[in-house]
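Colleague: Turn these sequences into a full structure, and let the hints guide you.
Here the protein sequences line up with chains A and B, keeping their order. Going by numbering that gives the first Met the number 0, the first sequence opens with residue 0, and the numbers climb by one from there. Going by numbering that gives the first Met the number 0, the second sequence opens with residue 0, and the numbers climb by one from there.
Fair warning: there could be bad hints in the mix.
Listed next, the in silico BS3-like pairs over lysine-lysine satisfying Cα-Cα at most 27 angstroms (straight line) [as the list claims (entries may be wrong)]:
1. K86/B / K16/A
2. K86/B / K3/A
3. K16/A / K3/A
Per label pair, the in silico range of CB-to-CB distance [stated by the list, open to error]:
4. D77/A / P152/B: 27 to 37 angstroms
5. Y67/A / E147/B: 31 to 41 angstroms
6. S142/B / D18/A: 15 to 25 angstroms
By construction, these hints were calculated from the structure, which means they are not laboratory data. Cβ atoms here follow ideal geometry from the backbone N, Cα and C, with glycine treated the same way.
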Amino acid sequence: MSVKVIIPSPLRAFAGKSDSAEFPAATVGEALSLLTGQFVALRKHLFTDDGKLRSFVNVYVNDEDIRYLAKENTPTKDGDIVSIIPSIAGGCR
Amino acid sequence: MPETATLWISRELAERIRNHGAKAYPNECCGALFGCDTSAEPGLDPETGAVVSARRVLGLYPLVNRRDDAPQNRFSVTPLDVREAEKASQLHGLEVVGWYHSHPDHPARPSQYDHDHAWPWYSYIILSVQKGAPEELTSWRLSDDRSEFAPEPLEICRHAAV
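Modeller: Given below as structure tokens:
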């Protein structure tokens, strides 16, 4: 199973300037693990210190938000596209 | 040889950010910055000889602040909004180089919340709006290791906007 992971522009510098990478992965979690295994500097921006996806990191499998599927256990199949899409947030206090 | 990375924005676009902040007051405004980035191919400043890399803001994409629950001290851009902004920037042959938002009755300095939620690479322009009047405009970039949300030199100049 070859899954394509789309890397958002703010993270491409940490992935050899690539906008995507392909991995043999059976789940979203496996794809992200392989991604951060290959590009270790991505880990800090995608995950908290206790290994959870940061709240402003949104992951989709073929346009479906994994929060409404099986989260990181969402199965993936050959040809699926896993997209990492930022939310942007902030505030004065 | 010293290296500087500067965010360039026209006076017109800076004024549009100020106007958006004033109009949104007492709530936070937000929007995308469209532009181009030549920081991967730095040039030389003809006067000082310093290596200069530049990012230019060439357009704005005002957005709706999705934080209905706390718009006076929070802003939010959803992933759908991010995708729409990216598509719109590509129509102009540009890319999203960052985001702007306002701080009602607070300085143009990032809060810890701003820092915690920032993405690397993007420029974050912050506008202070004091009692409805737009004031200081600053820009910030998150360090690669997330430890710092440091000021980015901001040049307001006279080049044309999109």
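Colleague: Which hints, by number, does the structure contradict?
Modeller: Number 4 only.
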